[in-house]
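Student: Here is how the chains run, residue by residue.
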Amino acid sequence: MTWLFDNFDYVWSLTVRHVWLSAVPIVLGFVIALPIGWYANRHPRLRGTLLSAGSILYTIPSLPLFVIIPGIVGLGILSPLNVVIALTIYAVAIMVRSASDAFGSVSPAVLDSASAAGFSPVQRAFRVELPLAGPVLLAGLRVVSVSTVSLVSVGSLIGVNSLGSLFTDGYNRNFMTEIVIGVGATVVVALFFDLVLVVLGRVLLPWASASRPVRSTVTPMMSFAQHLRGGRV
Amino acid sequence: MSVFSETVDWLTDSTHWSGDDGIPHRLIEHVGYTAETVAIASVIAIPLGLWIGHTGRFRTLAVALTGAMRALPTLGLLTGIVLFTGIGLTPALIALVVLAIPPLLAGAYSGLESVDRQTIDAARAIGMTEWQILTKVEIPLALSLIVGGVRSATLQVVATATVAAFVSLGGLGRYIIDGQAVRDYPQMAAGSVVVVALALVLDGIFAGLQRLALRSRPSLVPTSA
Chain A
0 MTWLFDNFDY
10 VWSLTVRHVW
20 LSAVPIVLGF
30 VIALPIGWYA
40 NRHPRLRGTL
50 LSAGSILYTI
60 PSLPLFVIIP
70 GIVGLGILSP
80 LNVVIALTIY
90 AVAIMVRSAS
100 DAFGSVSPAV
110 LDSASAAGFS
120 PVQRAFRVEL
130 PLAGPVLLAG
140 LRVVSVSTVS
150 LVSVGSLIGV
160 NSLGSLFTDG
170 YNRNFMTEIV
180 IGVGATVVVA
190 LFFDLVLVVL
200 GRVLLPWASA
210 SRPVRSTVTP
220 MMSFAQHLRG
230 GRV
Chain B
0 MSVFSETVDW
10 LTDSTHWSGD
20 DGIPHRLIEH
30 VGYTAETVAI
40 ASVIAIPLGL
50 WIGHTGRFRT
60 LAVALTGAMR
70 ALPTLGLLTG
80 IVLFTGIGLT
90 PALIALVVLA
100 IPPLLAGAYS
110 GLESVDRQTI
120 DAARAIGMTE
130 WQILTKVEIP
140 LALSLIVGGV
150 RSATLQVVAT
160 ATVAAFVSLG
170 GLGRYIIDGQ
180 AVRDYPQMAA
190 GSVVVVALAL
200 VLDGIFAGLQ
210 RLALRSRPSL
220 VPTSA
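Chains as they are written, first to last, in numbering that gives the first Met the number 0: chain A, 0 to 232; chain B, 0 to 224.
Chain A on its own, in the form it takes in the complex (with noise of 0.2 Å):
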């Protein structure tokens, strides 16, 4: 503990890098996974392509690729946007699916109501589909936020410090304190993303939390689908 107010400072300074680091790949794979998943579930036949690219992807070990991004993109392999390019592939790749399926969620006579009341259908992609899709789409976000917290800090192994460098650090001086401190710190922020997305959700779908639906036998299934997504090194 006296480790932690005595370096406080290097721990904040470290804490606020894994915050930008994890924010820019969750942000952007959502923004760009998005427009993919609605495609997706436009298209049938493009959907399972783009699931397996997606899955595949996925299959990729974290370090490795860290370490092949620089190589293809030209950067230099310390660059922290090399972990920000390589985590964004994973959130697109996560969010994808849960995207499609959030859309796929989407009863169709509800579209078709909405066509028949008058809705263009650019309206009706972002003020029907867009809100009724907004719980799966959350649930995935979740998935793809504490994957991407936890995956930030391998990237401290390619030079690209984060609260990873506490675990290294620790490592190297043989200091569990110091590891302790950072597996802890880098728990808080994973809360952090989650209660930030909660109350997102509360927010703006206010809808979502009032009715729930009682536990079908879908939530097992999918419970152990997010966790294959998630979780991985």
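Treat the hints with care, as some may be off.
Label pairs and their in silico Cβ distance ranges [stated by the list, open to error]:
| no. | chain 1 | residue 1 | chain 2 | residue 2 | range |
| --- | --- | --- | --- | --- | --- |
| 1 | A | R172 | B | Q131 | 54 to 62 Å |
| 2 | A | D5 | B | A38 | 38 to 46 Å |
| 3 | A | V30 | B | G203 | 26 to 34 Å |
| 4 | B | R214 | A | N171 | 46 to 54 Å |
| 5 | A | V187 | B | I125 | 52 to 60 Å |
| 6 | B | D12 | A | V187 | 56 to 64 Å |
| 7 | A | V30 | B | R214 | 36 to 44 Å |
| 8 | A | R172 | B | R58 | 36 to 44 Å |
| 9 | B | S13 | A | V187 | 46 to 54 Å |
| 10 | A | D8 | B | R56 | 41 to 49 Å |
| 11 | A | M0 | B | R214 | 55 to 63 Å |
| 12 | A | D8 | B | G31 | 39 to 47 Å |
| 13 | B | G31 | A | R172 | 42 to 50 Å |
If you are wondering where the hints come from, they were derived from the structure by calculation, not from laboratory data.
The beta carbon of each residue, even a glycine, is placed where N, CA and C say it ideally should be.
Dock chain B against chain A, hints included.
Tutor: Then chain B, alone, in the frame of chain A:
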């Protein structure tokens, strides 16, 4: 461009294909760690997951634990466990076993949960014992998801074993960590390419096994899967 050709040169250099630091030896090490840790973790986690899934006991706890594990950074767990238990091969492998358990557990219990309740009631009604229900009804129907758990655990371990080169484990991660130490990018890139290839091949094999498990189901009732 030149980075690419240097990586290819590194990969095709015959000196990198023999000896203790050669690709075949590192690859075998990596596959060995993966097989060993996934096997140990399976022996622990699959029976436990089947028990949780069959009885429904401790389900909430299992869901919470497997969920919470996701939030923990693997590098932190790895360095923490190794530092706690002592540097060397075994502590790193213990850490890999720990990380392989949640996906295996989730695969087993959610696999059993995906089995239709009515099917289980019917099995009980025709006089099957609990053991028969588990082995002749639930496991065959859930097999695809159980294999899915093994698949996800395997990929997790392949990835973490790479990271574990940092805590002095052998395997393909050595190229990345050792290359980083001497700023030898082609070596790092070449090692990475081999790890990616290994992950994709293993994923493909497990995808095939899952399909096989799905096809060998006792009946072909359409499910939400």
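Student: Note whether the CB distance of V187/A and I125/B lies within 52 to 60 Å or breaks it.
Tutor: holds, 53 Å
Student: Quick check: does the Cβ-Cβ distance between D12/B and V187/A fall within 56 to 64 Å?
Tutor: violated, 46 Å
Student: Falls inside 36 to 44 Å, the C-beta gap from R172/A to R58/B?
Tutor: Cβ of R172/A to Cβ of R58/B: about 41 Å, so the range 36 to 44 Å holds.
Student: Hint says 46 to 54 Å; check whether the CB-CB distance for R214/B and N171/A agrees.
Tutor: With a Cβ separation near 50 Å, R214/B and N171/A satisfy 46 to 54 Å, so the hint holds.
Student: Can you let me know if the beta-carbon spacing of G31/B and R172/A is within 42 to 50 Å?
Tutor: About 30 Å separates the Cβ atoms of G31/B and R172/A, which means 42 to 50 Å is violated.
Student: Does the Cβ distance between S13/B and V187/A fall inside 46 to 54 Å?
Tutor: With Cβ atoms ~50 Å apart, the hint holds.
Student: For D8/A and R56/B, compare the CB-CB distance with the range 41 to 49 Å and indicate the outcome.
Tutor: With Cβ atoms ~48 Å apart, the hint holds.
Student: With respect to the beta-carbon atoms only, verify the hint that V30/A and R214/B lie 36 to 44 Å apart.
Tutor: This hint holds: roughly 39 Å between Cβ atoms.
Student: If you check the beta carbons of V30/A and G203/B, does the distance land in 26 to 34 Å?
Tutor: Distance hint for V30/A, G203/B holds at roughly 31 Å.
Student: Evaluate the given range 54 to 62 Å for the C-beta pair formed by R172/A and Q131/B.
Tutor: holds, 56 Å
Student: For M0/A and R214/B, compare the CB-CB distance with the range 55 to 63 Å and indicate the outcome.
Tutor: holds, 57 Å
Student: Kindly confirm whether 38 to 46 Å is satisfied by the beta carbon distance between D5/A and A38/B.
Tutor: At 44 Å between Cβs, range holds.
When each numbered hint is compared with the structure, violations occur for hints 6 and 13.
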